[in-house]
Amino acid sequence: WSLHSSLISLSTAFHYTYLSASKRFVEGDVEVGVAGRSFMITGANSGIGRATAMAIAMRGGIVHMVCRNKDKAEEARADIVKETGNKEIYVHILDLSDTKKVWEFAEGFKKKYKTLNVLINNAGSIICQREINPDGIEKGFATNVLGVYILTKSLIPLLEKSPDPRVITVSSGGMLAQKLRTGNLKSERGHYDAALVYAQHKRQQVVITEQMAKTNSNIHFSVMHPGWVDTPAVANTMPDFYRSMKGSLRSPEQGADTVVWLAVSEAATKNPSGRFYHDRRMVSTHLPLAWTHSSPLEEQKLMHLLEDMAKMFQPQ
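Residues in the sequence shown are numbered consecutively from 1, following our numbering.
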């Protein structure tokens, strides 16, 4: 069994192309103005994040781009402003793998801004070799899981005060081949396989979304699979998969479509909170007859572990 062959079979599970899926989309769903509403997008300077920022800016939204690289972020911001004429695009520099900084950023943001309508957890990283951050946490887990948990948790009070609040997390279909693990969260034991570790993080994101939806009923939570998108991350970290699938990979705009739909449409919030989406449809978080189900106890254990870890780095 290899993740490469699993990803190929998962691609066939999501076999229909974006073009065939888009035939059933209700175009009016996303033909909405969102002037005055504010959207925070992590990893907003490239790929799906940038395409999402552009789409929201076009609709008049206030966009907070949370990015790691200042030069790339400013360049992307200038492009978005030029293309859309929307000047309410703000850059914030944050490396989500630096756990203490995530808390500091979120706490600072709440002091400075009075409203946040939508948080889009898009930034993710596949770390090819195991690396640890200054706090001794494996960088991929710090970015994809703990960073998402802390940023979301800290911003919940601000979201709750804002009209029609939503949290959207960009996961991956790779998680369908993974059962939730609550041990070895920092990948300290055993062989480090970057693609498998990333897929596990994406499963953990699904569980976080489901659990947060249960405890924060005023906010609409969702998590989604963008389809297999032609991004540098896929090309660099999964070269075999990239080569075999290159012809059928989606553009960043196609990958961002469901994120935008979840962020702006009225239709999205008519669905229950905490669900998993692909091409604007709620889909199962497990393949048929899958062995990937976890117990409520395991899911709560993950949340307790994240809570304990997060507290260690919370500013006093």
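Just so you know, not all the hints are guaranteed correct.
Stated by the list, open to error - Below, simulated DSSO-like cross-link-like pairs (lysine-lysine); rule was C-alpha separation at most 27 Å, straight line:
| # | residue 1 | residue 2 |
| --- | --- | --- |
| 1 | Lys153 | Lys301 |
| 2 | Lys101 | Lys301 |
| 3 | Lys23 | Lys110 |
The set of hints was computed from the structure by calculation and includes no laboratory data.
Do the hints match the structure? See the list:
1. Lys153 with Lys301: 17 Å, holds
2. Lys101 with Lys301: Holds, at about 25 Å.
3. Lys23 with Lys110: Roughly 40 Å separates the two Cα atoms, so the pair is violated.
Hint 3 from the earlier list is the only one contradicted by this structure; the remaining hints agree with it.
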